[in-house]
Amino acid sequence: MTLAGEASTVGSALIRARLSRWSIAAIAAGAIAVTGILFATTPMQGQVGFLLVAAAVFVVAQTTASAVVEGRRRAKDRLVTSLVVACSCAAVLPLVAVLGVTIIKGTVVLSGSFLTHTMRGVAEQDANGGIYQAIIGTLEQVGLAALMAVPFGLLVAIYLVEYSSGRLGRVVSFFVDVMTGLPSIVAGLFIFALWILALGQSFSGFAGSMALTILMLPTVVRSAEEMLKIVPDSLREGSYALGIQKWVTVVRIVLPSALAGIVTGVMLAIARVTGETAPLLVTVFGNPALNFNPFSGAQASLPLFVFGEAGLPNETAINRAWAAALVLILIVLFLNIFARILARFASVRS
Amino acid sequence: MAKNVQMKDVDLYYGKFHAVQNVNLSVPPRAVTAFIGPSGCGKSTVLRSINRMHEVIPGARVEGRVELDGEDIYRPGVDPVEVRRAVGMVFQRPNPFPTMSIRDNVVAGLKLQRVNNKARLNEVAERSLRGANLWNEVKDRLGKPGGSLSGGQQQRLCIARAIAVQPDVLLMDEPCSALDPISTLAIEDLIGKLKQDYTIVIVTHNMQQAARVSDQTGFFNLPAADEPGRLVELDDTEKIFSNPTEKATEDYISGRFG
Chain L
1 MTLAGEASTV GSALIRARLS RWSIAAIAAG AIAVTGILFA TTPMQGQVGF LLVAAAVFVV
61 AQTTASAVVE GRRRAKDRLV TSLVVACSCA AVLPLVAVLG VTIIKGTVVL SGSFLTHTMR
121 GVAEQDANGG IYQAIIGTLE QVGLAALMAV PFGLLVAIYL VEYSSGRLGR VVSFFVDVMT
181 GLPSIVAGLF IFALWILALG QSFSGFAGSM ALTILMLPTV VRSAEEMLKI VPDSLREGSY
241 ALGIQKWVTV VRIVLPSALA GIVTGVMLAI ARVTGETAPL LVTVFGNPAL NFNPFSGAQA
301 SLPLFVFGEA GLPNETAINR AWAAALVLIL IVLFLNIFAR ILARFASVRS
Chain U
1 MAKNVQMKDV DLYYGKFHAV QNVNLSVPPR AVTAFIGPSG CGKSTVLRSI NRMHEVIPGA
61 RVEGRVELDG EDIYRPGVDP VEVRRAVGMV FQRPNPFPTM SIRDNVVAGL KLQRVNNKAR
121 LNEVAERSLR GANLWNEVKD RLGKPGGSLS GGQQQRLCIA RAIAVQPDVL LMDEPCSALD
181 PISTLAIEDL IGKLKQDYTI VIVTHNMQQA ARVSDQTGFF NLPAADEPGR LVELDDTEKI
241 FSNPTEKATE DYISGRFG
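First to last, the sequence lines map onto chains L and U. Residue 1 is where the first sequence starts when you use the working numbering, and the numbers rise one by one after that. Residue 1 is where the second sequence starts when you use the working numbering, and the numbers rise one by one after that.
Take the hints with a grain of salt, since some may be wrong.
Here are the computed distance ranges between Cβ atoms for each label pair [what the hints assert, rightly or not]:
no., chain 1, residue 1, chain 2, residue 2, range
1, L, 340, U, 144, 48 to 58 Å
2, U, 139, L, 24, 12 to 22 Å
3, L, 13, U, 189, 46 to 56 Å
4, L, 73, U, 144, 30 to 40 Å
5, U, 63, L, 248, 53 to 63 Å
Far from chain L by the CB rule (all over 12 Å, computed), these chain U residues [unchecked claim]:
no., residue
6, 17
7, 79
8, 82
9, 130
10, 161
11, 162
12, 164
13, 173
14, 206
No lab work stands behind these hints, which were simulated from the structure alone. Glycine included, every Cβ here is placed at the ideal spot set by N, Cα and C.
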């Protein structure tokens with residue numbers, strides 16, 4: 001088998017010499033071998049380093065071979081393809097790593113009793129205790145936040161897409177953009193200053209929900225707005241032409257057509273605020289004991305729990321933090337799956 | 001049912017752009033009136049002013065009178081929603097509602113106007129689908145999504161949807177331009193049948209189609225690039241295609257245009 005493969009023997013102008021799959025495999029093997037020699041003879045070491053160097057050697061060797069055999073256009077194509085694939089892998093790597101580490105460390109103390117017990121009276125070095133209070137707290141806070149932010153945000157998006165035409169729409173749109181970049185601690189401090197300091201209310205899950213609502217709102221508005229915008233005008237006109245009022249058209253024709261996308265956007269917004277820690281620190285405060293009532297008194301929450309336990313100098317506490325982090329990830333995952341099923345049932349039939 | 005349409009000194013604008021100037025015409029009931037003319041001359045704009053769909057586009061406005069059996073549909077206090085219930089419309093591209101089944105598409109107009117009587121809805125669905133020559137093809141899959149039909153079937157579904165609300169006038173904006181010849185033939189046959197009950201106004205780019213389906217034909221033209229479109233003449237289809245009064249009409253239909 002030659003490096004150029006069999007195509008070069010055909011004398012057609014339309015067929016150019018190609019590197020065969022075997023020669024690509026050979027180049028890959030060569031790149032690994034060269035890297036092995038490099039690592040054996042020079043001070044270079046480490047698995048990640050090996051992978052990176054081998055990949056780099058492979059890309060350089062493949063591009064050179066391709067330039068020689070296949071010409072410049074193919075060589076460029078191969079170079080860019082390799083870069084695109086490498087970047088895609090690199091982008092997934094941290095996600096997989098975070099998930100892997102959390103699963104490995106989180107399953108150490110994760111158990112039925114961990115999920116159903118609270119931390120009341122449990123000292124940091126004790127092996128027992130659990131996150132029941134934090135799960136309840138997070139579900140209530142995020143649930144309340146979603147209850148406020150989703151209808152609110154949807155109405156704003158409907159106004160922006162279906163009704164606004166003048167200056168007010170542009171102003172609202174601008175402020176939604178500004179709010180998208182609002183640091184989450186600022187949302188927390190705003191509620192802290194307004195609700196707790198100025199109005200004299202206590203720390204509570206509801207205070208946290210309000211901070212989370214501020215953070216969710218722009219995401220919900222933006223994603224719903226984008227989804228409503230891509231509903232074709234022909235559907236709206238088709239509905240008007242039947243003598244259907246505008247609001248009925250929006251509710252019965254436009255919204256259902258955009259539902260799948262809106263649900264996805266809402267889920268992303270919920271997933272984002274579920275992991276928020278900073279705004280809860282100054283509004284919900286955290287609580288080792290169970291507090292079912294989100295409207296009165298400090299509550300626990302999963303991100304706060306992780307934050308608190310991870311800062312303690314005890315192995316048992318740190319294990320609890322990992323387990324709570326895993327539960328947090330799982331909750332977001334289940335919410336996502338649930339929302340996708342929901343959207344599939346309700347969305348466009350085809 | 002089947003009302004006549006009169007347009008008196010109608011001028012149509014998109015913002016500052018003067019799209020169509022000084023249209024005067026009369027559309028008789030239970031007949032097909034075709035609008036022909038080059039692209040951009042305002043045929044569709046005029047059509048859309050008959051059921052107040054023109055104003056759906058931001059900045060669009062209408063001057064003059066458009067009368068439905070003598071009643072001006074643009075006088076203050078007239079609800080465009082009521083006008084559109086009386087004047088139905090079929091669009092260039094079939095636009096069935098993607099979230100609805102075939103049956104629900106047909107009865108959408110009634111259902112979204114809060115008619116909930118199931119027996120009545122089923123009866124209207126069947127009558128409208130029969131009226132649109134689609135019943136035999138879809139009667140076994142009424143629960144399937146409207147988007148599952150072929151393009152020609154979708155267009156007939158849209159016609160069924162339009163006649164389900166029993167309008168007085170049916171507007172068709174190039175209803176066959178996205179369809180193949182066989183589907184076009186099916187729609188043309190349907191138009192011939194529907195004109196017994198409805199006043200039909202159809203915009204078409206296909207002059208043979210205008211000659212085949214219509215009783216009277218209106219020719220629209222752009223006098224010059226920056227000027228608004230005008231109705232050049234409106235007459236019996238036979239006369240327009242054999243012996244038109246205006247030279248511009250003759251040039252256009254004989255292909256000597258421009």
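Query - 12 Å Cβ clearance of residue 162 (chain U) from chain L - result: violated, 7 Å
**Report entry** Claimed clearance of chain L by residue 164 (chain U), with the beta carbon kept past 12 Å
**Finding:** Residue 164 (chain U) is in fact no farther than 12 Å from some Cβ atom of chain L, at 8 Å.
Query raised in the report: Can we confirm that no CB of chain L comes within 12 Å of the CB of residue 79 (chain U)?
Result: violated, 9 Å
Requested in this report: For the range 30 to 40 Å, tell me whether the beta carbons of residue 73 (chain L) and residue 144 (chain U) fit it or not.
Outcome: For residue 73 (chain L) and residue 144 (chain U) the Cβ distance comes to about 48 Å; the hint is violated.
Requested in this report: Hey, is residue 161 (chain U) genuinely clear of chain L, shortest beta carbon separation above 12 Å?
Outcome: The claim breaks: residue 161 (chain U) does not keep its Cβ more than 12 Å from every Cβ of chain L (closest is about 7 Å).
Query - Outcome for the supplied range 48 to 58 Å, where the beta carbon pair is residue 340 (chain L) and residue 144 (chain U) - result: Taking Cβ atoms as reference, residue 340 (chain L) and residue 144 (chain U) lie about 23 Å apart, which means the hint is violated.
Requested in this report: Evaluate the condition: distance from the CB of residue 17 (chain U) to the nearest CB of chain L exceeds 12 Å.
Outcome: Non-interface label on residue 17 (chain U) holds, nearest chain L Cβ at 17 Å vs cutoff 12 Å.
Requested in this report: Quick one: work out the minimum CB distance from residue 206 (chain U) to chain L and report holds if it exceeds 12 Å, violated otherwise.
Outcome: holds, 21 Å
**Report entry** residue 173 (chain U) non-interfacial with respect to chain L [C-beta, more than 12 Å]
**Finding:** Violated, because the least Cβ-Cβ distance between residue 173 (chain U) and chain L comes to about 10 Å, which does not exceed 12 Å.
Requested in this report: Hint says 53 to 63 Å; check whether the CB-CB distance for residue 63 (chain U) and residue 248 (chain L) agrees.
Outcome: With a Cβ separation near 30 Å, residue 63 (chain U) and residue 248 (chain L) fall outside 53 to 63 Å, so the hint is violated.
Query raised in the report: Per the hint of 46 to 56 Å, is the separation of the Cβ atoms of residue 13 (chain L) and residue 189 (chain U) within bounds?
Result: Once the Cβ atoms are compared, 54 Å apart, the range 46 to 56 Å for residue 189 (chain U) and residue 13 (chain L) holds.
**Report entry** Cβ distance range 12 to 22 Å for residue 139 (chain U) and residue 24 (chain L), holds or violated
**Finding:** Given about 58 Å between the Cβ atoms, the range is violated.
Checked against the numbered hints listed earlier, the structure breaks hints 1, 2, 4, 5, 7, 8, 10, 11, 12, 13; every other hint is satisfied.
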